[in-house]
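Keeping the supplied structure of chain C fixed, place chain P upon it in accordance with the hints.
Chains as they are written, first to last, in this note's numbering: chain C, 1 to 367; chain P, 1 to 384.
Across the chosen pairs, the derived CB separations fall in these ranges:
#: 1; chain 1: C; residue 1: SER347; chain 2: P; residue 2: GLN195; range: 36 to 44 Å
#: 2; chain 1: C; residue 1: SER347; chain 2: P; residue 2: GLY229; range: 23 to 31 Å
#: 3; chain 1: C; residue 1: GLY233; chain 2: P; residue 2: GLY219; range: 50 to 58 Å
#: 4; chain 1: C; residue 1: ILE367; chain 2: P; residue 2: GLU368; range: 40 to 48 Å
#: 5; chain 1: C; residue 1: THR213; chain 2: P; residue 2: VAL189; range: 52 to 60 Å
#: 6; chain 1: C; residue 1: GLN237; chain 2: P; residue 2: GLU374; range: 54 to 62 Å
Derived contacts from chain P toward chain C, CB cut-off under 8 Å, selection only:
#: 7; residue: THR31
#: 8; residue: PHE32
#: 9; residue: ALA34
#: 10; residue: GLY56
#: 11; residue: ILE60
#: 12; residue: MET62
#: 13; residue: ILE66
#: 14; residue: GLN73
#: 15; residue: TRP77
#: 16; residue: ALA78
#: 17; residue: GLY79
#: 18; residue: ARG201
#: 19; residue: GLY229
#: 20; residue: ILE234
Hints are computed from structural coordinates only; laboratory data are not their basis.
Even glycine gets a Cβ: it sits at the ideal position worked out from N, Cα and C.
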Amino acid sequence: MAEKKGKKKDPKEWRLEIDAERCKGCGFCVEFCPKETLAMSDGFNSKGYHPPVVAAPDTCTYCDMCEMVCPEFAIYATSETHKKDAHLSDEYVRMDRMPHIWCPGCGIGTVVNCLTKALIDAGIDRDKTQIVSGIGCSGRVAGYVNVDSYHTAHGRAIPFATGLALGAPDQKVIVVSGDGDLTAIGGNHFFHAARRNANLTVICINNFIYGMTGGQVAPTTPETAIAITTPYGAFDQPFNIPFIADSCGADYVSRWTTYHVRHLQNSIKAAIQKDGFSVVEAISPCPTLYGRRNKLGDGLDMMKFYKEAAVRMKKAKHTTADAAIGYQNQILIGNFIDRERPSLVKSMDESLKAKIGDKYVGWPEPI
Amino acid sequence: MKADPKRVLTGNHFINGNHSATEGAIAAGCTFAAGYPITPSTEIVERIAARFPRVGGVFIQMEDEIASSICLQGGAWAGHKSMTVTSGPGFSLMMEHIGLAAITELPCVFINVQRTGPSTGLPTKVGQADMMQARWGSHGDYEVIALAPSSPQDCFDFTIDCFNLAEEYRTPVFLMSDEMVGHMTEKVVIPEADQIDLLERKFYTGPKPYLPYKPEANGIPLMSKAGMGHHYHITGLTHDDRGYPVLTKEVQETMMERLMGKINDNREKLMRVEEYMMEDADIVLVSYGISFRMAYKAMEMAREKGMKVGLLRMITCWPFPESKIREIAQKVNSMIMVELNYGQMYIEMDRFANAYCKTGLVGSPCGEVHEPEEIFAGIQEIAK
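With the rest of the complex left out, here is chain C:
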């Protein structure tokens, strides 16, 4: 399914499809199209949103940017020659559950596309992929991905996933959850999984707010930002997630935004190829509860802000300590940490083998 990098697609072999009914009119595809192929239409779909139209089909290079960024899986390139007749996430998402519950302009669907693409590119078998979520908007990812998936308890995706990874070391266990879930109620587990180098990839979708419950302050809400429980502005220092992950010993730490879909996808791919604990923070817009209350515009405006505010980290200049995020201030992005420590499974197995010798019966097989 994946096209080789750098290989130009023959426009004669491809066409763009738009599933207008899936669209929520966020405008991401139109904005992100590098060739101005797409335009918003005046028409409505049955939900009252304006879906895009292919205004200038001849200009399209089939770069997949719209397909990657569309959080609704509504726009995609097809080709009979290349046997692609559906969205890239089609197999990986339970399309029978669409439309999903995420708001127009939310970036969670975009992160799902990046994860899908990363899994395809890394060649990881769907039967060997386990996705675990906690609770909240991002916690609903597990419900939509078409692999063995677990929507667990609030904050507890990581310890559940730790058990799953210990119990089934042949599986690729990926946690996808939100900033509140993973670093507030689940904070302690996050630290310990990083310390142990548990065999997990954690994709932390950070939208700076508790979305599902109505926009309460999160441990990631930048100082002075308005949340419904900090109506006069947040007053305490937020977590710097890459810094925490780094200092607790994670094997791999990166941060991108939903604007940077290619980087995010490649970073997730690198993360899932690690044996130990890898963390990808994906900054993502919550227009309904963070954007609106702080007068930051809609999801598209927030995505444009990420473009302006993003600063690529430079190894010589930055460490994860510089990744703290101030209100509407710079967002340091990049692949911060990539190191090799023995993973939890490896260190447990090798330590037992070394100490117990022949009497060690090895890793237990499931029933």
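Here is chain P on its own, set in the frame of chain C:
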């Protein structure tokens, strides 16, 4: 299926209840345990940590009981027989995940070596203070299965029973031990492996799609595990047969009727009691766990004094043996619950007995087991 001889320490042992429970778990085929240190349960995970690498099993000490009680569920979905071990305050921390195991219908075992509270209470002393918490501690309605051992031998036997019941009913099962039983050293006879019957997990092997919550004729769905290619969805939200969240009253009702029904409809089958000197009894003591042994002594004292006292021992505490209590209550003058709390199982007993006979409680602030004389005094009081 019989136990694996490599996992069974056949022979006569002089060990405490906690170590005996560990051997029960190993014999039952438990290959995954997560725990967090808490008195008076810790000997169990200590022995697991030492024994698992030599018999096959993953043990991890997690950062807290919250983590342990959900880590074990990850292990169970990976396809292991899983358990955790705790006591009062740790049990309180596990409550949310007991609800998760109940709604996701996950076979797993929780061993609670009870102390007392509230809060830190008496960490090193005996209590039976979590009996109601085991039944009602997590939010929402659900049914549980709980067994109470009275001796180290019971700890071995009942732990195996807990694992078998967990598989049979796809539900969390509790071994409600206590500090005294856990720390008491007695003879434990571990039989030959071929004398130990184990229930195998029943996996779905039919065509796709697999519907993780489509029940079989007995009301219990077949299991899957990570990597079988079923691409199932498991959620703590109200769900339909597909495992998909559906947040309506109708789906909630269908799901709840089945969740409650699979235990409730088998109450009689699950009920395990022992009756002592009941033939002519007009006062009946009801007890469980360590308190049963004290109650037994008090019954003997009363019999020596010529009082017609019998004793009902509850092995299954949940589901509560309500039909047995009702049956006895109709024949006797009074029933007395003997337990190490201020009356937890008493409430249940009273509920089913008070229409027919007098009911009484010999409770305790906990910290020490009852002196048989205290129980005898309770008998004399109710006989007045």
